[in-house]
Structure formats: structure tokens, C-alpha cells
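A.B. asks: Chains A and B, in that order, give the protein sequences. The first sequence begins at 1 in our numbering and counts up one residue at a time. The second sequence begins at 1001 in our numbering and counts up one residue at a time.
Read the hints as simulated data drawn from the structure, not as lab findings. Be careful, since some hints might not be right.
Stated by the list, open to error - Simulated restraints on C-beta separations: (1) G81(A) to A1066(B): 27 to 35 Å; (2) D417(A) to L1089(B): 53 to 61 Å; (3) G412(A) to G1086(B): 45 to 53 Å; (4) A390(A) to G1086(B): 49 to 57 Å; (5) D1045(B) to S367(A): 18 to 26 Å; (6) D1045(B) to A80(A): 45 to 53 Å; (7) A251(A) to Q1078(B): 48 to 56 Å; (8) Q1078(B) to G134(A): 21 to 29 Å; (9) P1091(B) to R323(A): 17 to 25 Å; (10) A34(A) to Q1078(B): 29 to 37 Å; (11) E1040(B) to A249(A): 40 to 48 Å.
Stated by the list, open to error - Here are a few chain A residues that sit away from chain B, every Cβ distance over 10 Å (derived from the structure): (12) G46; (13) F94; (14) V295; (15) G330; (16) F445.
Cβ coordinates follow ideal geometry from the N, Cα and C atoms, glycine included.
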Amino acid sequence: MKTIGELSQALRSRTVSSVELVQDALARVASAQARLNAFITVDADGALAAAREADAVRSRGEASALTGIPIAHKDVLMTAGMRTTCGSRMLGNFVAPFDAHVVARLREAGTVLVGKTNLDEFAMGSSTESSYFGPTRNPWNPACIPGGSSGGSAAAVAADLVPASTGTDTGGSIRQPAAMCGITGLKPTYGLCSRYGLVAFASSLDTPGVFARDALGCALLLDPMAGHDARDSTSLDRPREDRAAALRAPAPVRPLAGLRIGLPREYFGDGVDAAVLAAIDAALAKMRSLGATTVDIELPAVRHSVPVYYVIAPAEASSNLSRFDGVRYGHRAERYGDLADMYCRTRAEGFGAEVKRRILIGTYVLSHGYYDAYYLKAQQVRRLIAQDFARAFDRCDVIAGPTTPTAAFPIGAKADDPVQMYLNDIFTIAANLTGSPAMSIPCGFTAEGLPIGLQIQGRHFDEARILQVAHRFQQATDWHLRPPPGEGAADRKGRR
Amino acid sequence: MPLTFDDVQRLARLARIEIDAGATRDIQAKLDAIFSMIDELLSIDTTGIVPMAHAQDAMLPLREDAVTEVDQHALYQQNAPAVVDGLYLVPRVLD
């Protein structure tokens, strides 16, 4: 298994071509599809054409660090001329007429798009079981979920089908599957990467981000993805940063000296699996040995983050998903009476159970008589949570803890119990409510061999710092380099 | 307060989603469980707390009041279920 940095170096030294990398990726995607179902759409012809172009660019001496690197996009990001389904019957045949901003930026940076990855329908879920195209399976144990909603993107990187992929994170949908698949995932600050062309779920929370094997890979993708886009009114105009170059700077002897890591009491309490706590404790001990100090902090309102989220996100979703009416795009019922009947049958057929549930919750909390009690209240508690984080960041530089309370669970275990499924995101939702950047990095395994993730949260726009913490930890450990069973043995051309 | 069968049917009508009686009961049970979890918010003292609609304390940017979109209706309508002469077709609403 090679990282993007290593693949980039191999391309630069001409020990491998982009065409070879893409052929290898396509072969692996095809052979893993029946076992993992990580992809919804694969574009072999388009990928090979883009790889040939990337090799031509390189031969002209015009290549960047990402030129010729195969990647995959979560199938909630628009890709011009390619099917963009959101894992829903509603958009099963929808061909995107334009590229999402982050898709275009990664295309311009020279990446080669292999295909679109599976997800929970409209990114609403924590297990990738609710996709119309069937569940994705975890490469570490195919009987288990990969996490969600970006489960296809996480499984694709974990199984080494592609070295990197995009995801979106509304309540943990990058960090939770990164933790459960044993890879590195980054949710940037809200507003750093444009949402243009990201099919909207909850507009005040949706955040495009990345998966890679290591923090350097995440930085290499984030740098071109970030940047102002006038087509997203919440996109912020920030100075450009070269985060990848900062990571490549030589490390001092004590690379984390001076770093204060806040440990929220609320992240280490009841309900967290003992194996998860042990792995997190060991990771924090390693960081202390690298020079960091740890500080106990309190985030008392964070315990309300799940109920706050399940008011705000469905409220925004019920509004955003009203556009799917069978008129301008997407599924339309075959049989119907009048216009209202056409809407009702189209939406009944086009949406799955979880999406319908969230639309109904959102409709309820926004309806007359309940708006103040639920929606306004949730927005006030959101403020309390953000105030907790602001106070905590006066005492520390980053906040760390488990990404998830448990490792991956068996497919079907929580499928019929939405509340248990929602509680899975108890540690990840707060970063969406506050808009802060956050990562998950691999830091150990359960006795059953399932990966465990450490979450590192930062202040707004402090991606460089959390990437730095993750990178220095990864330079001192090898959790992120361990392959799932059966994935490490093959000797593939140009890959090792 | 638990949702009634009629509440769920009313929400389905508002949301323009057809839900039959059998599915309504299952949805009612699941929504009740979800709102039992959400209802902990109702007892939190939020007196004087300004609602937070957004993660960034930024003003929405303004731009020139000018047409920036080009006409791409033919491209966009390729995804439409029913189109004739550049118009979206829907069931007749006027006789």
C-alpha cells in the first residue's frame, strides 16, 4: 500500500505511469466490487483517457503533485457528464450537468477520476446501509458496516482501490467511516471548501472533505480543494495555504513540543468501549512522548449535540429535498392522478425510509406551533455548544478523544433502531455544529481486529495544525499503514 | 408529547409523501422514539441565548445585480422526466 506522497514520487521518477496506476485501480475496483460494493459508478474509459492526458502533461514537464493520481468522489458531488445518484432511486439516472467546485479543483490539479462511491441515501446515515444500491461492506470484516455516510469512499481507500477519495461530512460522515475503516479523514472548517455542486442535505452543516491513508495525503488534496467560490454564498475568502509543504518540513526532536491537547471529560465516559478507550489512552501517551501536554477540559453542553443535530439537520433537509418533485429531474412515478398526487407518489417511490423519516422530522419541527419549541431551541443550544468549545480553546490548541464510541458493528445490527444509529455520531456532530475542522486518524484495533480512530479537533481554519499533529503522530506510529486482511500480500505492478 | 396517527398523516401530506396506514404506524413508533431523545432540549434554560443559524459569524456577500447565468436549459432538461418544446410537462392543473 502506498501513500499519495509515495505515488507522487513514483510518478515523478517515472517508475510508474498514471495509465499503469489507473489500470491497477480499475482492476482492483472490479475485483472488490462483489465483496465490498464500494462503488456505484466506474468510468474506466474516462479514467484511462484522463490518465493518458496526465502522462502527457508530465512528459511536458507541467505536472503537479497530484497529476495522474487516481481518486474517487462520493456520489453526492456532481461530476459533469457522469451519473450522480446520491445513493437514491430518486436520482438513479441523473447525469450531472456540471462539476462540483471541489471536483473541478481536483480535476484541474491533475487527479484522475475513477468513479463514484456508495453512500447512505442523500448522505443521511452512519452505516452506508441505506443506499438504494445496497450496503457497502468494511474491508476489515465484510460482515461489518464501513461507517457512513461516506462508507464507499472510506472502504475504497482502506482496501487500496484508490489512494484517496472525497467525502462529505454533515454530522461525522467523513470521520466516522475513516475511524471504522482504519484510514485518515479530514472534515475542513465550514466555508473553507465550496459546497457548489454538493447535493444539499443540511446546508449549515454540509462540508466537503477528504480521505487518504495519511495526513500528508489529506493535505495534498485539501490544498487545491480549498478556496473561495462566489457560487457558494457561505464560501469564505481566505489566504491560500500550502499545508502539505508545512508537513514536509523536517521534524524537530520533540515534534509536538508546546502543543496543548484538551481532553473533554465528556468524551471519556460511560458508553465508550473499553478497547476504544485503551487505544485512545495509548495514542495520547505517544503524543505526550512526542512533547505534547494534555489538559482536562469540560464541554458540558456537548451531550445535547445529538438532539440538536436531529432537529437542525432534518429541518434543513426537509427544505432542501423539497426540490425532488418529479418535474425537473429525477424519478417520476409511473401512475398518478393530479399534480399533488404526482408529487406524493414520486416522493414515496423515490426516497427510502430514512430519508422520509428525516423529511417528516424536519417538517414537524418547522411547522406552526413547534418552530420555537424545537427549531429555535436547537439553534440556541447550538450556540451553547459553540460557547463551550470557544472557552475550551482558550486552554488548549486541539481537542482529542475517540472518533466513535465503538468500532464497526455488524451490518443490520442497528438498521431498525434509528436512535441507536444516531448515537453513533455523538463525538463527531459538535464539529459540524461549531463549524470547526476535525480529523480522524487510525490509532489501534479491537481484539476482533477492527480499527479504532482518534479524533483531533481544531479552531476554525486551523487545519494546518491538526494535520501537523496527525502527521507527526503518523511519523512515529504505523497504525495508518496496516492493511486489512488479504489486502497487503499482493505484489502489484508499480505499487510496492 | 407522543405523535398520533393523524399527526403523522398530516406531516406526510405537508411533506408531499404518500404513506399508507401500515407504514404510518411504523413511522409513528420510530418518530416517537426519536422525539423522546430530542425532547431533552425542551428543559434546557436558554434564556437570553441568541440562536445560532450558522457556523461562521459572516455577512452574506453581495454581488453586482447582473445576469451571470448563460442559457443551458437544453442541457438541464436532459434530466427531466417529461419535456416538450423546452417546457416541463406536469398534469393539467387548469381545465
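A.B. asks: None of the hints should be skipped; say for each whether it holds.
C.D. replies: Do the hints match the structure? See the list:
no. : hint                            : result
1   : G81(A) to A1066(B): 27 to 35 Å  : holds, 28 Å
2   : D417(A) to L1089(B): 53 to 61 Å : violated, 42 Å
3   : G412(A) to G1086(B): 45 to 53 Å : holds, 47 Å
4   : A390(A) to G1086(B): 49 to 57 Å : holds, 52 Å
5   : D1045(B) to S367(A): 18 to 26 Å : holds, 25 Å
6   : D1045(B) to A80(A): 45 to 53 Å  : holds, 50 Å
7   : A251(A) to Q1078(B): 48 to 56 Å : holds, 52 Å
8   : Q1078(B) to G134(A): 21 to 29 Å : holds, 27 Å
9   : P1091(B) to R323(A): 17 to 25 Å : holds, 18 Å
10  : A34(A) to Q1078(B): 29 to 37 Å  : holds, 32 Å
11  : E1040(B) to A249(A): 40 to 48 Å : holds, 47 Å
12  : G46                             : holds, 18 Å
13  : F94                             : violated, 6 Å
14  : V295                            : holds, 24 Å
15  : G330                            : violated, 7 Å
16  : F445                            : holds, 31 Å
When held up to the earlier numbered hints, the structure conflicts with 2, 13 and 15 and fits the remainder.
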